[in-house]
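Novice: Sequence:
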Amino acid sequence: MKQYYYKKDLLEKIDEYFSKTISNLSSAKIVEHPTITGLAIHLGFESKEEFDLYESVGLFKKQLRIARLRMIAYYESRLLFPYAKGAIIALKSMGWQEPSATPKLKEASTSISIKLIETGPEPASSEKEVAI
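Residue numbers (the numbering used here): 128 to 259.
One or more of the hints may lead you astray.
Taking lysine-lysine pairs in the DSS-like style, the calculated list, with each CA pair at most 25 Å apart, reads [claimed, not checked]:
#1 K129 / K140
#2 K188 / K219
#3 K212 / K188
These aren't lab readings, by the way, just hints derived from the structure by calculation.
Let the sequences and hints guide you as you build the complete structure.
Specialist: Now the structure itself:
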């Protein structure tokens with residue numbers, strides 16, 4: 128498994144990857160969008176599973192989670208473009224969920240609790256006790 132010993136080295140490689148991919152989008156070069164697998168390869172991992180494992184239990188898991196968030200932010204920004212289907216698919220593969228169009232209402236309780244509070248004089252037990 129690929130191992131980074133210094134946070135600085137890992138952060139430099141992550142920044143290098145995002146600079147390489149996102150800056151190429153505005154140039155005439157071959158377009159390479161940032162991807163989790165592309166980042167894993169750039170960082171020297173042998174598989175996406177190895178990258179995922181390092182992200183969940185590795186020494187610098189926080190930095191890899193932030194890198195994943197950077198990627199999610201990139202794809203979220205792509206949602207503003209007319210053809211956003213690819214960005215939606217990429218986001219869903221990264222665990223992103225679309226907000227529900229109609230909010231789900233919690234089920235109403237079917238029982239009602241009533242508490243009787245007595246105030247004033249003692250209630251009459253029959254009509255004969257009531258004086259008009």
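Novice: Which earlier hints can't be squared with this structure?
Specialist: 3
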